[in-house]
Structures are given as C-alpha cells and as structure tokens.
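Enquirer: Chain B: place on chain A using the hints.
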Amino acid sequence: MISERFLNYTVALLILGMALGAWVMDEPFLITLTTKAVILALAGVGLNLALGQGGLISLGHAAFFGLGGYAMGVLASHAQNFTPIMETPFLIEGTNSMPIIWLVAIVVSSFFAFVIGLFSLRTSGVYFIMVTLAFGQMLYYFSISWPAYGGEDGLSIYVRNSFPGLNTLDPIQFFGICFVVLMVVIYGVNRLTHSSFGLALNGARQNAQRIRTVGLNPFKIQLIAFTISGAITGLAGALFADLNRFISPTMFSWQTSGEIMVFIILGGVARLYGPVVGAALFILLEHWLGGLSEFWHIYLGVILLSVVLFARGGLIGALSKKENADA
Amino acid sequence: MSTVLIIEQILNGLQFGVMLFLMAAGLTLIFGVMGLINLAHGSLYMVGAFAAAAVAASTGSFLLALAASLAAAAIVGAVVELVVIRRLYDRDHLDQVLATFALILIFSESTRWLFGSFPLFLDVPKALSGTVTLPGGIAYSSYRLMIILVGVAVAIGLFLLISKTRIGMRIRAGENDREMIGALGVDISKLYTLVFALGAALAGLSGALVGAIQSVQVGMGEPVLILAFVVIVIGGIGSIKGALVGALLVGLTDTLGRVMLPLFFANFMEQSSATSVGSSLASMSIYILMAAVLIFKPTGLFGRA
Chain A
11 MISERFLNYT VALLILGMAL GAWVMDEPFL ITLTTKAVIL ALAGVGLNLA LGQGGLISLG
71 HAAFFGLGGY AMGVLASHAQ NFTPIMETPF LIEGTNSMPI IWLVAIVVSS FFAFVIGLFS
131 LRTSGVYFIM VTLAFGQMLY YFSISWPAYG GEDGLSIYVR NSFPGLNTLD PIQFFGICFV
191 VLMVVIYGVN RLTHSSFGLA LNGARQNAQR IRTVGLNPFK IQLIAFTISG AITGLAGALF
251 ADLNRFISPT MFSWQTSGEI MVFIILGGVA RLYGPVVGAA LFILLEHWLG GLSEFWHIYL
311 GVILLSVVLF ARGGLIGALS KKENADA
Chain B
26 MSTVLIIEQI LNGLQFGVML FLMAAGLTLI FGVMGLINLA HGSLYMVGAF AAAAVAASTG
86 SFLLALAASL AAAAIVGAVV ELVVIRRLYD RDHLDQVLAT FALILIFSES TRWLFGSFPL
146 FLDVPKALSG TVTLPGGIAY SSYRLMIILV GVAVAIGLFL LISKTRIGMR IRAGENDREM
206 IGALGVDISK LYTLVFALGA ALAGLSGALV GAIQSVQVGM GEPVLILAFV VIVIGGIGSI
266 KGALVGALLV GLTDTLGRVM LPLFFANFME QSSATSVGSS LASMSIYILM AAVLIFKPTG
326 LFGRA
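Sequences listed follow chains A and B, in order. Position 256, counted from 1, in the first sequence is what this note's numbering calls 266; the numbers after and before it change by one each time, with no gaps. Position 54, counted from 1, in the second sequence is what this note's numbering calls 79; the numbers after and before it change by one each time, with no gaps.
Isolated chain A, as found in the complex (with noise of 0.2 Å):
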C-alpha cells in the first residue's frame, strides 16, 4: 500500500521530468502535450473543489472555462488590433500581459460563477446537475451567435501573451508558468480543504441539516466554493486559450464540461491529486489511443464506464488501496 501523499509528490515529480526530459531531447511537442495535461489538471481542480469537497455535481463548468479562455481572446485581440475595447464612458484598452489577464478571467468566471451558483443552488441533486448543464449551454449559444469576437469561427490570436521576465513563446518556460501556477492552486485549495471553511463545505455536503444548526448558512458555503471552483477554472480557460492561441465556442460546450468531470473519476473524487492524473491519463490515452484508431472515443467510453462501474475510487483509489479520499 502506497500513501496517498507519497503518490501526489510522485505524480508531480513525473509531469515535471516529463517536460524536462523533453526538454533536453528537443522535443517541443512532447512539452506542449505535457503543459496541456497540467492546463486541464488546473481545470479538473477547479471543479473537484465543488464537486468532490462539495458534492455539488457541475456540469456546466465548460462555462468558467469558456469565459476564461474569452477574456483572453477579448483582451489580446484588441491588443492585436490597438483598438479599444470600449471608449465611453472611459477608456479601457486590451492587453496583452498574462498577470493582467489571469485576473480578468479571474474576475469574469467568479462573476459568472456566483450568478449561475446564486440560481443553481436553490436547486439540488439531479436538478443542479441539469440546471448547471444548461446554463453552461446558454453561454455556448451566445458564444455562436455574438459575432464580434469570431462567432462560431472562433478566434485566433497570433502571439502568446507576455509574462514579465519570460518568454512565453518557448514551451519550457510557458510550461513552468503553467506548472507553476498550478501547485500554486493546488497549496490553495489543501489550505481550504483543511481549513474551516473547507470542513463546513465537506460538512454541508454530508448533512446540511446539521451544517444549519451549528448555525452555519449551507446555502452560503456552497456559494462561496462553486465560485472559487468557477474562478480555477476561468484561469485555467485563460492558459489553455493561450497554450492553442486561439478561442473558439467549444471551450464552452457540454462535452468540456464531460471531459473536466471526467479527469476528476479517472484520478479519483475528492483527491488533492485526483484531477492532475486523470488529466495525464487523459491526454495519455487521447495520444495513444488517438493513435490507434481515429473512434478512440469507443475506447475512452469501455474505460470509463469500467471505471465508474468497477474501480470506484480512480487510479489514486485503486494505487492507495483506499476507496475512500481522506477528507
């Protein structure tokens, strides 16, 4: 039996020699398949926070991803063309400054996040699951039908941003920022988990009852995670959007949102490290089954169903030996 917490410092050794190693063999693709895998682990982290330390099963979190991944494209592409974003009543200009846009998208997907959750969270069980799906679908369509910014085409953007002191155009250093920000996140979140309010949040998912008569606000827990969980993943849309420099309405459709959820049962609910290994795992079989036959999806699909039906838990739950994730 491994410990859970000998196997999070393994998985994070690995993506890091992963990219290191390729690195030093000159292999950009190889380093750019790895900064994929930890954009969407960042993604898979944001939605673990609400949905395996919440229980609040999201499906519509392509949502927070979409609106990331738009506010960079908005912010860069009036950069591109030094048009202003909006004159009247002042004056605000793109950008094209990762920090900068990491915050707006940051911002963006929290507003979004609380106004969608403030709806959502009246509802619950299968009700939110479908309710969540919908609106993430509501901002797919609008996504096609606003023409400014591509419309269904998309956009592209020509140059990644920029990072102070870096160069973001060679993939080691767009990995480490990437890589970087993602234990980052991932410190962030253990904080909160152990912290109080990540117990209350663990607390309203078991027993809300019991949450209301210790005289916490359930309602209010559950709002304040499904909008840090919205703003992870708002983040992780702006990197993903920079890593293809080019935005598109399918950052927002519902099969993202399947996909998220899907790192999150490969790695193993409610793990630390849950999301990162199913992201790898995922870009692993989508590279190597992709390779084998262009209907991978059949494959992905046997998998997974094998999972949810045998092997609760996920790979860090079949690796442990523990089917339960410490909380």
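Be aware that one or more of the hints could be misleading.
Which stretches of chain B does chain A cover? Using the computed rule of at least three CB atoms under 8 Å from a CB of chain A, they are [to be verified]:
no., segment
1, 143–154
2, 263–275
3, 283–289
4, 295–306
5, 315–323
On the chain B side, residues computed to face chain A include the following (Cβ under 8 Å) [what the hints assert, rightly or not]:
no., residue
6, 62
7, 124
8, 309
Everything labelled a hint here was simulated from the structure, so no lab data went into it. None of these values were measured; they are calculated from a predicted model. The beta carbon of each residue, even a glycine, is placed where N, CA and C say it ideally should be.
Expert: Using the frame of chain A, we list chain B on its own:
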C-alpha cells in the same frame, strides 16, 4: 408583422414543443420511476433517426421507417438497461452522469464508425410534402402538422397508459415507493426495463420525425437532450403533465423569440446590430425562462416539493 406569419410561427413552436415533449416524457418517466438521470437519452434519439434513415433508404417506406425507429430505440434501450443501467440505480447521481456520459461516447463513435461522419437524409413522405390550407387561409406544411398531431396522440396515449392501465398503475406506484411495490410481488426489474424501453422508443420516434426536417447526423441528440432537461426543470421532475407544459413553453419561447426579438430591437436600433443582439438574446431566452421559473418554484411548475 402579419398575423399569418405569427400563426405560422406559433405552429412551428408547437411542433418543436411536441418533439421536446417526446424526449422529456421519457426522461422524466425514467427519473420518476427509477431515480436515474440518463444523459444517453439523446443517443437513443440518434439511434431512432439513423434506424429510420437506413430503413427508409432501403425500403422507401416512411411508415416502415417510423416503425423501425421505435423498434430499434426500444431494443437498444432495453439492452442498455439490462447491461449497464440497472447497475446504476442504487449509485449516486455522479456515477449515473459519468456512466451515461461514457455511453454517449460509445454510441456516438460507434455510429460514426458504422455510418460515417456525413449526415444522412431522410425524406419527408410524398403524401405529406405539400402544404395544407388551414381555416383562415393559412398554408402550413402538412408534415409539420402531422408531427403536432402525432405528438398530441402520443401525449393522450401516455396519459391513458399511465392513468388507466395496470402497467400505468405500477409505474405510478413505482414513482411513489419503489421498495413497496417490489415487496408486493411486482417484478420490479422487468418493470424498470419496460419503462426504460418505453422512454427510449419515444426518444427514437422523436429522432425519426425530426430527422426528416433536419439532417440525420452523429451528435444530433445532445442539444435536444439539454433542451429536454430545461423542459423537465421547468415542468418539474417526474411529472408528465409538467413535461408537456414545459415542452410547449420552451418550444414557443424559442421559436417566437428567434423571430420576434430581432424585429423588436429593429424598432430602436439599426438593422444589423438589431439582428445580432436579437438573435443572441433569443438563443438565451429559454434559459432565462428556466432561471425565472427557478426563482419562483425551485422544484418546477408541477414538481413535488
């Protein structure tokens, strides 16, 4: 805007609503009786459409195609229930979502593998390809009118089935107390398979009927599935009546919104921006409707608290 156009759009909205009802009725029955959220319901819609297109292409008969869509979706539904779904009844919703998401991947890719990525076409039968003149001199597509009639007939049939027959009695009993009817000696797993196949058949029929208006392609089911979710949230989970009312509301709101909103904004904006603002807003209208219902009745219009 002329009255004729408005009436025509109202009929289109009804037709769309009726189609959504066929989907939502199955979903809400399955949730009501088995407590299962089934994302793969859209795949059964797709199975129905492909079965109809394949049979229509080889026999040329639209009636046979419809029968094939019902049969294929019901059989696939029953098999899926026996192999996968029945393991999910006592799981939590997260497992149900993921397992049925996996089923979507399997169904969609298998269909792409069998039929290719290009859309198939299902022709409207000759007898119904024209228009009928309604009282008041309005010409309307007879096929779309037929869809409305089929939908109304199915709705009536479903109401009769559930309120008047023995099976319907068991379904209602299952909704109230699953364990009790098992204890009373009803073969509950057979009932579950039957309900699932019934829901699947309705989805398949709906797919085949819509397939003749739109194209038959992989992934056609999921947008409809999500709309059906909106319908159920509005109507209240487990309520067939709610599904009917919700479906008509969503169908009318969506269809009329797409026509009216751009015209409405054209009153005080220039044409091109009125079109873009109007159509963006129209694409969000049903979700705004859903949010509004949630504010006042979080369990839907006819849902049990």
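Enquirer: Give a verdict on every hint.
Expert: Hints versus structure:
1. 143–154: Not satisfied, violated; 0 residues make the cut.
2. 263–275: Coverage by chain A is violated here, the residue count being 0 at a Cβ distance below 8 Å.
3. 283–289: Coverage by chain A is violated for the segment 283–289 of chain B (0 residues, Cβ < 8 Å).
4. 295–306: With 3 residues close enough to chain A, the hint holds.
5. 315–323: holds (count 5)
6. 62: Residue 62 (chain B) check passes; min Cβ-Cβ to chain A is 5 Å, inside 8 Å.
7. 124: Given a least distance of 5 Å, the restraint on residue 124 (chain B) holds.
8. 309: holds, 5 Å
Checked against the numbered hints given earlier, this structure breaks hints 1, 2, 3; the rest are met.
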